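Quick note: the sequence shown uses our numbering, first residue 111, plus one each step.
Read the hints as simulated data drawn from the structure, not as lab findings. The structure displayed is predicted, hence computed values, not measured ones. Some hints could be false.
Stated by the list, open to error - Below, computed lysine-lysine pairings styled on DSS-like, alpha-carbon distance capped at 30 Å:
(1) K248 <-> K153
(2) K345 <-> K209
(3) K152 <-> K345
(4) K345 <-> K453
(5) K248 <-> K152
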Amino acid sequence: MPQPWKVAIIGGGPGGLAAAIALSRLNVPDQPALVDWTLYEKKPRISETGGGISLQRHTWRILELLGVADRIDARDFFRPEDGRSGEQRNAVTGVLISKRHHPDDTPPHQLSCRMVRAKLQRALLSAVDASRIRVGKKLVDVVRSPDDNGTGTGTGTGTGTGGVRLRFDDGEEATFDLVVGADGIRSVVRQFVVPGHTLQYNGQSAYRTVLRAADVAAINGIPRVPVFWQYVGGKYVFTCPLGGDDFELTVRLRPGNEGADETAVDRARKASWGQPYDLNQLLPLYADFAPPLRALLRLAADVGGTQEFALFNGPRLTSCVRHAGPDGGHRGDVVEDDLVLEKATAGVALLGDASHPLSGAFGAGAGFAFEDAYTLARALAWAREGSRPLGAALAVYDRARSPHYANLYGVLDRGAAVAAEVARRNLPLHEEIAERVRAMDNSGAGWVYTYRADEVVEEVIRATEDKEQAAKDAGERATKQQTTPDAAAPNGVLVEDIAASLNNTTIADGGTETSVAITGAA
């Protein structure tokens, strides 16, 4: 009986916890374990920073598949009773520009909601085996372990690859078959997948405050629904109840566009998330906003507790995996040889913001990370059930998730192009605000929230199995040709034909079509 794959999950945020839950479900009682996982978190305890977090329809679907949806107490989230998913208002006049509603076919239990991030964290943590969590473990390096041929420690799996070695700041080292990088936008694991990857401040910052809902209720004109109060130049305010007595206020802007010179301290602060911030500094920038918003901002400034979140971007990854072979299997950030990856016995997979940070776009970052976790676990189960190497699971995971993220980036790119076109028209302020909202409403992004990651990974698995069968059939025909050379065309012709026909397998992706390259049929 093969030994279970030894897996390290780096990061104890929602994505890392979801990965732990998904991997735990692979081990069935009274049967040999498929995976032996450990979660590492750099903080002294599992905790979460920030304000609210959205659970969209697709997020609820994955939580149900992971068996943890019922761990979220309905008292801990806010969901509008009238079925609205949100409003868009003019931040200066307060005038309602548009309302958004859920599609009619949305199951009631999958209607979007918003809650305090820490409460979601606690719900996920309650489903995780705490004995497998190690806190206070800051990862400093990820390296390929020497081959398990007497020159390195290896993982004891007898695979001959040695695995992936982790080094922590306390001096401990450990080697694994698979490392799951769920360590956020400043991922250390990402540096192994894409050496030299750098992040850049994108010019935007978000300032988040959680207030008492009872205090907010005393301000006339703040609706009890998710509201984006829109302005121009990347400047807006978001307000939303969070369940219980919590209410969220988020202010987002481009500080560099507001005329204030940055100090060295300002620039240094952008290096970290969740820094305490005095909201009084921003109040003058909102002097022309609607009276209810000004009152809410003043309340937040008086109460305190605001945190500043500088937003970062980096080069977009075209692959979220890497095998642990001598060449790393990568050329920049592109998998060099799919067949090499499929045959690898150790590697790395990125998850959530570690792979594709979207800076809050779509309001579904947690959902994307949960989809990643589910897809990776399903791919691992499929590979182990078919006695395939771990690399085959990484290939399936990458084929299922990377094209999806490419489609998400496509939505963002089209939206940015439309916004730039609106800005070039030099419309009067209120017309520009309304036009921007109309453009967002017509972005065609609705498919994101009805996306079924579980069905897509099954399609990828079927396509991969078809490829494997075609390769097997081609090999058998080639063998037969060698024994009866006059019975068929020369070796390679049939194989090349099959490889060409399988080179682009189309997988449906939420209303779009994604070409998933599946190379190397023979």
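Do the hints match the structure? See the list:
1. At roughly 8 Å between alpha-carbon atoms, K248 and K153 fall within 30 Å of each other, so this suggested pair holds.
2. Under the criterion of a C-alpha separation no larger than 30 Å, the hint pairing K345 with K209 is consistent with the structure, at around 20 Å.
3. For a cut-off of 30 Å, the pair hint linking K152 to K345 is broken: about 33 Å separates their Cα positions.
4. Taking the CA atoms of K345 and K453, the gap is near 49 Å; set against the 30 Å cutoff, the hint is violated.
5. This hinted pair checks out: K248 and K152 have alpha carbons roughly 4 Å apart, not beyond 30 Å.
Checked against the numbered hints given earlier, the structure breaks hints 3 and 4 and satisfies all the rest.
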